[in-house]
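Let the hints inform the model, and build the full structure from the sequences given.
Sequence lines, in order, name chains G and P.
Take the numbering used here: the final residue in the first sequence is number 431, and no numbers are missing along the way.
Take the numbering used here: the final residue in the second sequence is number 324, and no numbers are missing along the way.
To be clear, the hints were calculated from the coordinates, so they are not data collected in a lab.
If you're wondering where the values come from, they're calculated on a predicted model, not measured in any experiment.
It is possible that some hints are incorrect.
[Claimed, not checked] In silico DMTMM-like cross-links for lysine to aspartate or glutamate, where the CA-CA straight-line distance does not exceed 25 Å:
1) G:K102 with G:D397
2) P:K150 with P:D137
3) P:K150 with G:E261
4) P:K150 with G:D268
5) P:K150 with G:E260
6) G:K66 with G:E55
7) G:K102 with G:E55
8) G:K169 with G:D187
9) G:K49 with G:D72
10) P:K127 with P:D147
11) G:K47 with G:D91
12) P:K150 with G:E263
[Said to hold, decoys possible] Covered by chain G, according to a simulated footprint, are these stretches of chain P (three or more residues, beta-carbon under 8 Å):
13) 65 to 79
14) 85 to 96
15) 99 to 112
All C-beta atoms, glycine included, are put in the ideal place defined by N, C-alpha and C.
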Amino acid sequence: MIIPIVRTALIALRRDRPSLALSFILPIAFFSVFAAIFGGQHNSTAKIKVILVDEDRSRASLELAKGLEREDSLVISTRPSSKDKAAAPTDYTAATAEAAVKAGEAPVALILPAGFGQHPISFGGSQAGPAIQLLSDASDMIAPQMVAGLLQKAAMTAMPAAMAEQGMKYTDQYIGGFTPEQRKQMDANLNYLRNMETKDSSSSAASATSGSGSGGIIAVQVRSVVGENKNGNMISFYAAAIGVMFLLFTATNSAGALLEEAESGTLDRVLSSRVTMTTLLAGKLTYNTLLAFAQLIVMFLWGWAVFKLDLFTHIPGFVVMGLCTAFAVAAFGMLLASICGTRAQLGALSTLLILIMSSVGGSMFPRYMMPAAMQKAGLFTINAWAIDGFTKVFWRDLPVQELWPQVGVLLAIGIVLSLIARRIARRWEFA
Amino acid sequence: MNVQLMADASSQSSSSLPESIPLEVDSLVKRFGQITAVDGISLALRGGECLGLLGPNGAGKSTLIRCIVGRAIPDAGRVAVFGCAAGASEARAALGWVPQELALYPRLTCSENLAAFGRYHGLSGAKLTESVAWCLDWAALADRAGDLEKSLSGGMKRRLNMAAGIIHRPRVVLMDEPTVGVDPQSRNRIFEMIEALRAGGTAIIYTTHYMEEAERLCDRVAIIDHGRIVGQGTNRELIQGSFGSRSQVLARFAGPSVAIAAWVERHGGRLVDGAAEFTIEQSTQIAGLLDDAAKAGLELVDVSLRRPNLESVFLHLTGRELRD
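Put into C-alpha cells, the structure is as follows:
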C-alpha cells in the first residue's frame with residue numbers, strides 16, 4: 001500500500017508546478033547566490049575605493065601612494081570624479097575626504113600628513129613623525145581592515161629606500177652612528193634602492209604579504225568618521241534590510257487578495273459596479289503602500305524602544321524613505337498578483353523572487369561583501385535602493401535632499417511596475 | 001416582508017432614466033475563438049416582469065448575462081438598459097447582478113459587505129445606511145447584521161449574496177441560479193424575496209435549472225440551447241407550442257427487452273429509464289397501446305397519463321444528450 005500512496009503523491013506534485021518550482025528551483029537559485037558570494041568561484045572581487053590625500057608631497061609619501069595604486073584590490077582616488085562636480089575637480093583635502101566618507105562615497109580615506117616623509121617608519125611604536133590618518137565608515141567592517149593591511153604591505157614594498165634611510169637615522173641616533181666608510185657604502189646602497197624603485201614598480205607589490213594595521217612598520221591612526229557615537233550601529237541597517245524583505249512578502253501576500261477575489265467572483269461583481277479596473281488597482285496599491293509603511297513604522301519603533309535606534313531625530317528622512325519603499329514594494333506585489341493565475345502560483349513565484357532579491361540586494365548580508373558583479377546586480381533590486389536610502393538617513397545623517405537618487409529610483413520602480421500591472425490586469429477586465 | 005417598502009425603495013432608484021423598456025437584447029453574438037457562445041439572441045424585459053432563462057450547461061446563459069451586465073463585450077448586436085448601452089454608468093446603476101458564486105468578502109460582516117458594495121455603487125451617508133438596513137430586512141438577516149459572512153449558513157450566504165446585488169436598488173436584476181445548494185426553507189424564503197422585488201416593479205431575469213422554480217416565479221421563460229433561443233413564451237404557450245393538446249403516456253412492462261423495444265418503435269414512442277413514453281392526442285389511444293402490448297406477450301407493470309410540463313418542453317427542445 002505504500003507504493004500507491006507514493007505514486008499518488010508524485011502525480012499530485014507533478015501537477016502542482018508551483019510546488020515543483022519551490023522544491024527544486026529555489027534551492028538551486030539560493031545555492032548559486034551563496035556560492036557566488038562565498039565560494040570564491042569568481043574573479044570579480046569587489047575593489048575597495050580609497051580616497052588618498054597627500055599633504056606631505058615628499059618622496060616617501062609619493063612612493064607610498066604609488067605603492068597603493070599598484071594594489072589590484074584598491075581603487076585610489078585623489079580627487080572627486082568629474083561627473084560629481086560641475087567645475088574641474090580639485091584634489092581632496094583632509095576635510096573634503098572626511099566629508100566624502102561620511103557621504104558614503106568611499107568606505108576609507110587615507111591622509112598622509114605633512115611631515116610624514118621625515119619619519120615614515122615606526123619602530124616599536126616610537127613614531128617621531130605624524131601618523132597616517134585612516135578615516136573609516138564603521139558600517140563597512142571589512143574595508144578599513146584590508147586597507148590598513150595593504151598600507152603596511154605597500155610601505156614594505158614600495159619605499160625600501162625610505163625605510164633604509166630611516167633605519168640609518170635610528171642607527172645614528174641610538175647606536176652612535178656609522179664610520180665615514182660605512183656611511184659611504186650605505187649611501188651607495190640607498191641610491192641603488194632608489195634606482196630600483198623607479199625601474200621596477202610593479203612586480204614587488206604582487207608578491208609581498210600584507211602586514212597588520214597600526215602595529216606595522218608605519219604608524220596608522222584609525223578613526224571612524226561615520227557611526228562613532230551611534231547606539232546599536234547596525235540596527236538601522238538590519239531594520240531596513242530585514243524590513244524591506246518582509247515588506248515584499250507582506251505586499252505580495254496582500255496583493256494576492258486580488259486573486260482570491262477573481263476566483264470567488266467578487267472581482268467580477270465589483271467591476272460591474274461603478275468601480276473600474278484602474279480605480280480598483282489604485283485603491284489596492286494605496287492600501288498596500290499604507291500597510292507596508294505601517295509595518296516599517298512598527299519595526300523602527302521597536303528598534304527605537306528595544307535597540308535604542310535614533311528614530312525621532314530622523315523623522316523626515318524616515319518618512320520619505322519609508323513611503324517610497326512602501327510604494328515600490330506595493331507595486332511589486334501588485335505586479336506579481338496580476339501575473340499569477342492562482343494564490344499557489346503567487347506564493348511560489350514571490351518566494352523565489354523575494355529571496356533572490358533579498359540576497360542579492362543586501363537584505364541578508366551587506367552588499368560590500370559581494371563580488372563587484374553581484375553588487376551591480378543588486379542595483380536592480382528594491383532592497384538595495386531602500387537599504388542605501390535608510391543608511392543615508394540613519395547612518396550618515398544626511399539631509400532629505402541627499403536621498404534623491406534612492407527616492408527617484410524607488411518611485412520610478414513603483415510607477416513602472418504599477419503601469420505594467422495595470423496592463424496585465426486587462427485580462428480580468430472583459431471577456 | 002414589507003412589499004410597500006420594496007416598491008417605494010425601487011421607485012427611488014434610477015430616477016434619471018427614461019421610462020423606456022427596462023432591458024432589450026437585440027441580435028447579440030458573442031464568440032470565444034471558434035466557439036459561438038451566444039448566437040443572435042434577442043429578448044426584451046418589461047417592468048415588473050420575471051423572465052426565466054433555462055438551458056443545459058454550456059448553452060450560453062451565463063455569457064448572455066455577462067454581456068448584459070457589461071462584463072463581456074459582444075461581437076455583434078446590442079444590449080440596452082432603459083435605452084443606455086451595457087457598461088455605461090447609467091446602465092450599471094440600473095442593473096443589479098446576483099452571480100451564481102458567493103461573490104462576497106468572507107472576513108466582513110453582513111452589514112459591512114452590503115456597505116462595501118453600496119459604496120462601490122456610489123452610495124454614501126444616510127442613503128447607504130438606509131439601503132443596508134433595507135437589504136438586511138429584505139434578506140431576513142437583520143439579526144445577523146454583525147456576523148461575519150464566513151460564519152453564516154449556506155442559505156444565509158445565498159440571501160446575503162442576493163442582497164449585495166440589489167443594495168443600490170436597481171430596476172433590473174439578473175439572478176444566476178440563486179437557490180443552488182440551499183435547503184427548502186431557504187429556497188422558499190428566497191422565492192418570497194424575489195416576489196417582493198417583482199411586486200415593487202423590478203424586472204428580473206432568473207436563470208435556473210429547476211423547472212418548478214421557473215414555473216412558480218417566471219411570467220415568461222426563454223429556453224436557450226447552443227447560444228440560441230429555441231423556445232420563448234409563457235409556460236402555457238411553450239407547452240402548447242411543443243405538444244399542442246397531446247398528453248404523455250408512461251408504461252412499464254415485464255417481458256423480453258427485444259419485444260418491448262419493437263412494440264415501442266411500432267407506436268412511435270421511446271424508452272426512457274426503462275419506461276416506454278408515448279405522446280398521444282386522445283386518452284382513448286391508451287387502450288390500443290395496451291392491447292397491442294398484450295398481443296406481443298408483454299406483461300403490464302405500471303401505466304400513467306400526464307400532461308406535459310416545462311420539463312417536458314425543455315427536454316423536447318434541447319434533447320436528452322448529456323452536455324458536460
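Verify the proposed pairing of K150 (chain P) with E261 (chain G), using a straight-line Cα cut of 25 Å. The given pair, whose Cα atoms are some 15 Å apart, holds under the 25 Å limit.
Chain G covers the segment 65 to 79 of chain P, three or more CB atoms within 8 Å, holds or violated: holds (count 6)
Next pair to validate is K102 (chain G) with D397 (chain G); report whether the Cα-Cα distance is within 25 Å. holds (9 Å)
K102 (chain G) and E55 (chain G) were given as a pair; does the straight-line alpha-carbon distance stay at or below 25 Å? Within the cut-off at roughly 20 Å; holds.
With a C-beta cutoff of 8 Å, work out whether three or more residues of the segment 85 to 96 of chain P approach chain G closely enough for the coverage to hold. holds (count 4)
Please work out if K66 (chain G) and E55 (chain G) have their alpha carbons no farther apart than 25 Å. holds (15 Å)
Regarding the pair K49 (chain G) and D72 (chain G), is the alpha-carbon distance no greater than 25 Å? holds (11 Å)
Do the alpha carbons of K150 (chain P) and D268 (chain G) lie within 25 Å of each other, as the hint requires? Holds, because 20 Å separates the two Cα atoms, which is no more than 25 Å.
Compare the distance between the alpha carbons of K47 (chain G) and D91 (chain G) with 25 Å, and conclude whether the hinted pair is satisfied. holds (21 Å)
If you draw a straight line from the CA of K169 (chain G) to the CA of D187 (chain G), is it 25 Å or shorter? Holds - the C-alpha atoms of D187 (chain G) and K169 (chain G) are around 12 Å apart, at most 25 Å.
Coverage claim, chain G over the segment 99 to 112 of chain P, checked by counting residues with Cβ within 8 Å (three needed): Contact hint for the segment 99 to 112 of chain P vs chain G: holds, 7 residues under 8 Å.
Holds or violated: are the alpha carbons of K150 (chain P) and D137 (chain P) at most 25 Å from each other? Holds, at roughly 20 Å.
Taken one by one, the earlier hints all hold for this structure without exception.
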